[in-house]
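Number of protein chains: 2
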Amino acid sequence: MVQVAVLGHGVVGSGVVEVIHQHKESIYKKAKQEINIKYILDIREFPDLPYHNLFTKNFDEILNDEEVKIVIEVMGGINPAFEYVKKCLENGKSVVTSNKELVAQKGAELLKIANDNNLNFLFEASVGGGIPVLRPIAQCLAANDLYEINGILNGTTNFILTKMDKENMEFADALALAQKLGYAERDPGADIDGIDSCRKICILASLAFGKHVYPNQVYTEGIRNITLEQKEYAQNFNGAIKLIGRSVLKENGKISAAVYPAIVPYDNQLSHVEDVFNAIMVRGDAIGDVMFYGRGAGKLPTASAVVADVIDCVKHLSARKYLSWSEGSEDYVENEEKSISSFMICVKNQNGIKDRITEIFGNVEFITRKNGEDEIAFVTPKEQEYKITEKLNLLNAAVLFKLHILD
Amino acid sequence: MVQVAVLGHGVVGSGVVEVIHQHKESIYKKAKQEINIKYILDIREFPDLPYHNLFTKNFDEILNDEEVKIVIEVMGGINPAFEYVKKCLENGKSVVTSNKELVAQKGAELLKIANDNNLNFLFEASVGGGIPVLRPIAQCLAANDLYEINGILNGTTNFILTKMDKENMEFADALALAQKLGYAERDPGADIDGIDSCRKICILASLAFGKHVYPNQVYTEGIRNITLEQKEYAQNFNGAIKLIGRSVLKENGKISAAVYPAIVPYDNQLSHVEDVFNAIMVRGDAIGDVMFYGRGAGKLPTASAVVADVIDCVKHLSARKYLSWSEGSEDYVENEEKSISSFMICVKNQNGIKDRITEIFGNVEFITRKNGEDEIAFVTPKEQEYKITEKLNLLNAAVLFKLHILD
Numbered sequence: 000m001v002q003v004a005v006l007g008h009g010v011v012g013s014g015v016v017e018v019i020h021q022h023k024e025s026i027y028k029k030a031k032q033e034i035n036i037k038y039i040l041d042i043r044e045f046p047d048l049p050y051h052n053l054f055t056k057n058f059d060e061i062l063n064d065e066e067v068k069i070v071i072e073v074m075g076g077i078n079p080a081f082e083y084v085k086k087c088l089e090n091g092k093s094v095v096t097s098n099k100e101l102v103a104q105k106g107a108e109l110l111k112i113a114n115d116n117n118l119n120f121l122f123e124a125s126v127g128g129g130i131p132v133l134r135p136i137a138q139c140l141a142a143n144d145l146y147e148i149n150g151i152l153n154g155t156t157n158f159i160l161t162k163m164d165k166e167n168m169e170f171a172d173a174l175a176l177a178q179k180l181g182y183a184e185r186d187p188g189a190d191i192d193g194i195d196s197c198r199k200i201c202i203l204a205s206l207a208f209g210k211h212v213y214p215n216q217v218y219t220e221g222i223r224n225i226t227l228e229q230k231e232y233a234q235n236f237n238g239a240i241k242l243i244g245r246s247v248l249k250e251n252g253k254i255s256a257a258v259y260p261a262i263v264p265y266d267n268q269l270s271h272v273e274d275v276f277n278a279i280m281v282r283g284d285a286i287g288d289v290m291f292y293g294r295g296a297g298k299l300p301t302a303s304a305v306v307a308d309v310i311d312c313v314k315h316l317s318a319r320k321y322l323s324w325s326e327g328s329e330d331y332v333e334n335e336e337k338s339i340s341s342f343m344i345c346v347k348n349q350n351g352i353k354d355r356i357t358e359i360f361g362n363v364e365f366i367t368r369k370n371g372e373d374e375i376a377f378v379t380p381k382e383q384e385y386k387i388t389e390k391l392n393l394l395n396a397a398v399l400f401k402l403h404i405l406d
Numbered sequence: 000m001v002q003v004a005v006l007g008h009g010v011v012g013s014g015v016v017e018v019i020h021q022h023k024e025s026i027y028k029k030a031k032q033e034i035n036i037k038y039i040l041d042i043r044e045f046p047d048l049p050y051h052n053l054f055t056k057n058f059d060e061i062l063n064d065e066e067v068k069i070v071i072e073v074m075g076g077i078n079p080a081f082e083y084v085k086k087c088l089e090n091g092k093s094v095v096t097s098n099k100e101l102v103a104q105k106g107a108e109l110l111k112i113a114n115d116n117n118l119n120f121l122f123e124a125s126v127g128g129g130i131p132v133l134r135p136i137a138q139c140l141a142a143n144d145l146y147e148i149n150g151i152l153n154g155t156t157n158f159i160l161t162k163m164d165k166e167n168m169e170f171a172d173a174l175a176l177a178q179k180l181g182y183a184e185r186d187p188g189a190d191i192d193g194i195d196s197c198r199k200i201c202i203l204a205s206l207a208f209g210k211h212v213y214p215n216q217v218y219t220e221g222i223r224n225i226t227l228e229q230k231e232y233a234q235n236f237n238g239a240i241k242l243i244g245r246s247v248l249k250e251n252g253k254i255s256a257a258v259y260p261a262i263v264p265y266d267n268q269l270s271h272v273e274d275v276f277n278a279i280m281v282r283g284d285a286i287g288d289v290m291f292y293g294r295g296a297g298k299l300p301t302a303s304a305v306v307a308d309v310i311d312c313v314k315h316l317s318a319r320k321y322l323s324w325s326e327g328s329e330d331y332v333e334n335e336e337k338s339i340s341s342f343m344i345c346v347k348n349q350n351g352i353k354d355r356i357t358e359i360f361g362n363v364e365f366i367t368r369k370n371g372e373d374e375i376a377f378v379t380p381k382e383q384e385y386k387i388t389e390k391l392n393l394l395n396a397a398v399l400f401k402l403h404i405l406d
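Protein sequence lines, in the order shown, are assigned to chains A and B. Per numbering that gives the first Met the number 0, the very first residue in the first sequence carries number 0; after that it's consecutive. Per numbering that gives the first Met the number 0, the very first residue in the second sequence carries number 0; after that it's consecutive.
Honestly, the hints are just simulated from the structure, not real lab data. Hints may contain errors.
A pair counts as met if it fits within one copy or between any two copies, since identical chains are not told apart.
Unchecked claim - Under the rule of at most 27 angstroms between Cα atoms (straight-line distance), these lysine-lysine pairs were calculated in the BS3-like manner:
| no. | residue 1 | residue 2 |
| --- | --- | --- |
| 1 | Lys-56 | Lys-23 |
| 2 | Lys-68 | Lys-23 |
| 3 | Lys-253 | Lys-23 |
| 4 | Lys-111 | Lys-28 |
| 5 | Lys-28 | Lys-210 |
Hey, can you work out the whole structure from these sequences and the hints?
This is how it looks when you write it as structure tokens:
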């Protein structure tokens, strides 16, 4: 029997307890041992729960109990999660977490401590909720050189964008609906400003390319400014607007990493990922495009990914896993302005503007929409973003919007 | 250094050699050991290859070389692959294969021998080519009870159906194009009659539900009879015709398993999987729908999956993997006629037929197409297939086609 402790009894934490209790038999079959929850750490009390006797408010009780071999950190946030996880790893306990903020900020450091102590630090649930993606990237694609990741990494924003795209709902109404359905927080900033997606692309890029990418190195733009007019232009271009997390390995060994709303053409699978679903597309030299799709959040999907990690831990209690990367560096992530992309740009209409656009940008495609006579929208050839900016300055027209187009 | 042997130097075999040679450095980093190809077994000679000295025609040379720890079987077919793999496993060598026919026919038997000898028998490449799917199903979804699999498991048929759907190409022309592009064999039966998909759903169902499913237990229907008229009806129903491999765990502990062309509604991700791409969708109680997408065939994608298995083997040379299932039984797979589905049925038009259809089938949806005045197409409520057949007999009209509609 393996004794485990759960830190935090919130949505994911209570889901973990539920999954471990409800799948006792199949977990035993897979782990070849019983997994027993010995402690649950929470500041709150839950006297009505059948397992109320497992609760403690004292982290040291868990830390000092040598029977506890695996600690499940599902509190979220950096403090005190970082301190707790670090202490566990330094004291002979493997750690499984779903905490994307922690992994995005402190992943390399914690992986090193785990490695130095021959323990596991696993975090499959931190990206894509229940979708198996980190382990397949690390393990199954071991014989590929990966060079690009594009993902729809946040279910809340994808729900909002789907409602705008399919039901012509205004952003504010779609957000209100997401809040009503429990998909979005009352303070929705972490989702709609791209912060959550940013953490996830950090983790994916760190794993795929081998060096830590920190959130403050990632250009991050959310979806607050997306309008129904923009989605109409996107549709007329045969695409859908999605919030994309993207990272590309460059020839100089550096990478780009960014989060922004982009027009995804319909011939790209990501354009068909709807509602609260997530999808992560990776590109490798041998394998081409591979995509992982599923529910990126939610109590049970996330909890089931956490428990799968726990089972893996039980089966490799003393083995170092090869889910790992090294510390990052300041100049490792290139300025996003240097990245090459095609853009859809929309400017105010004026006399002779089309000719000037063609003159400055070269071979563009003009896109129209109903009642859009006062605007001119066009799609640029692929170019580094700072050059696009220079050309826009040259054009000297009022820019209504500028959106990336995903390759 | 780990010594390996490759059985067969065909498309996949030469790809394996290429991937191992080209990714030497990253493989070393991941496996923590060098992987060296000591032998390549082939009946042919390749004097011009730089590694021509590795070739042998004598299997026993490989079998009796105790240095060889891992054998890569990429010959295909049952004979002599089965005999060779069995002998390797009985003689202390782990085996990695991409041979779906072998795994579908002999998986349980070979897994048992591997297990008894504390060796690995791995076959990630046998389903979905380079897409990581078997390991994620086995490992990452360990905390889920899976109950349904639907997959587009064959790239050739999906290419043909995509050409019919998007470019209005006749079946025969699309097949000829697939042959010209090298996607289809000169004798295309294994693909277009569903035999290849059948083997893959056998492997997926065996793994997901824990008991071996044999190809002869699986109702299998190919795409030879799909017409442009049918795809037009499918489009007017907001769906696309796809060749689907499907297996469902039933409440009585038995399963259904089948391969057939089905109309996939556009709100199902599988409907958007185009060209030679494959996708496997699994449903679990905690996780909901999860999909794995990518190139299901091709030299390098398949080879990279084989090599990833080899790396996994190197890291767990003496460990039993929990990719495993038990022997099947005759009554484990239920007759497909008992499965519940909705159908699109098209019959010859005649006086009063619509009333009789409604009378017999209940609440149906009628679908029309241009120039289809002589036909009546309708979508039935969900029902067991044998009941639909009974009702069709009662209707007593000339049936032009009957297609499953995927849930």
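Worksheet item: Tell me, which hint numbers fail for this structure?
Response: none
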